[in-house]
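S.K.: Heads up: the sequence lines are chains A and B, in that order.
Heads up: the first sequence begins at 1 in our numbering, then just goes up one per residue.
Heads up: the second sequence begins at 1 in our numbering, then just goes up one per residue.
Hints in this document: simulated from the structure, not taken from any laboratory.
A couple of the hints might just be wrong.
One side of the interface only, derived from the structure: several residues of chain A facing chain B at Cβ under 7 Å [unchecked claim]:
| # | residue |
| --- | --- |
| 1 | Gly111 |
| 2 | Leu112 |
| 3 | Val113 |
| 4 | Gly115 |
| 5 | Val116 |
| 6 | Arg117 |
| 7 | Arg118 |
| 8 | Ala139 |
Listed next, with one range per pair, are the computed distances between beta-carbon atoms [to be verified]:
| # | chain 1 | residue 1 | chain 2 | residue 2 | range |
| --- | --- | --- | --- | --- | --- |
| 9 | B | Glu75 | A | Arg119 | 20 to 30 Å |
| 10 | A | Ser141 | B | Ala123 | 30 to 40 Å |
| 11 | A | Ala134 | B | His84 | 23 to 33 Å |
| 12 | B | Ala87 | A | Ala134 | 50 to 60 Å |
| 13 | B | Ala87 | A | Gln135 | 44 to 54 Å |
Where a beta carbon is used, it is the ideal one built from N, C-alpha and C, also for glycine.
Each chain is listed here by its residues.
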Amino acid sequence: MGSVRTVLIVAGATTLLCAAPALAQDPFIYPQKGQSSQQQQQDKGQCQAWAMQQSGVNPGQPVPPPPPPPSSGPQGHVLRGAGRGAAVGAVGGAIGGDAGKGAAVGAAVGGLVGGVRRRDQQRAQEEQYNQAVAQQQAAQSQASSGYNRALAACLEARGYTVK
Amino acid sequence: MRNSWIWSLPLAFGVLAPPAVNSAAVDGSAPFLCAVVQALECSPDGTCEQRGANDINLPQFIKIDPKAKVIAAPEPGGRTAPVHDLASVDGKLVLHGGQQGRGWSAVIVGDTGKMSVSIVDEAATFVVFGACTTP
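So that you can see chain A by itself, here it is in the shape it has in the complex (with noise of 0.2 Å):
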């Protein structure tokens, strides 16, 4: 259930931060002085290079949502009843490795016992997380409200309308 949760997080800070950018990067433009069609595209090209340089967002480019929060790694789920005897004998082959050599990476992680996480921990860390992709999303919608002024600046110098 956690690791599912998990994953309806980041799958939807990652669309929300993917569609701010989306959302603000298309203004509304009219020519004021009956520039052709190739006039306005050439304007709209320069003018969104000029904003992106002004502004330093490239909306092109979303940002990626920050890093998921410390789930469950590489183990899967819960062995029940009637299997249990099954998989501890396929793996039963597994041991013999030289877990000395695993101690140091392993207490470089957390630990085994350590790194259990109570229910409360795990609230804490997704908490964490969704504040990180509402600070993020945050600082994206200001840095596309900046390229839109940059864009609206240069096209407007241009003899366009834009809304």
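Dock chain B against the given chain A, drawing on the hints supplied.
M.R.: Relative to chain A, chain B alone:
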């Protein structure tokens, strides 16, 4: 003498009966592997909730090396925890350890491999049941 064949029945069953399910006793003389079957998280409010091993970030399988006194997730570079104390008590292996503010204890029955583990900290107790086997 007429019913003497009855006395041979227990002997016959004893010879023909299938061996125990686990191939070797989990006596602590060699590394062994345990599978997590069920995990519960108990809170100070008195409630216990069933949790998946995956949900509580516990490996599905745990390798126990009694000589190296370490428990480890079996994958390469997997997480580990030290075993602070290990003893054989009445045919059961009893292990204790601690890591990052948590204590844990495990009991593994030598001849069946049945395992019970508790992992405790100030805010919760995890109860884990499983089964162990040797190669």
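S.K.: Against the structure, test the hints numbered earlier, and report the numbers of the ones violated in rising order.
M.R.: Hints 8, 11 not satisfied by this model.
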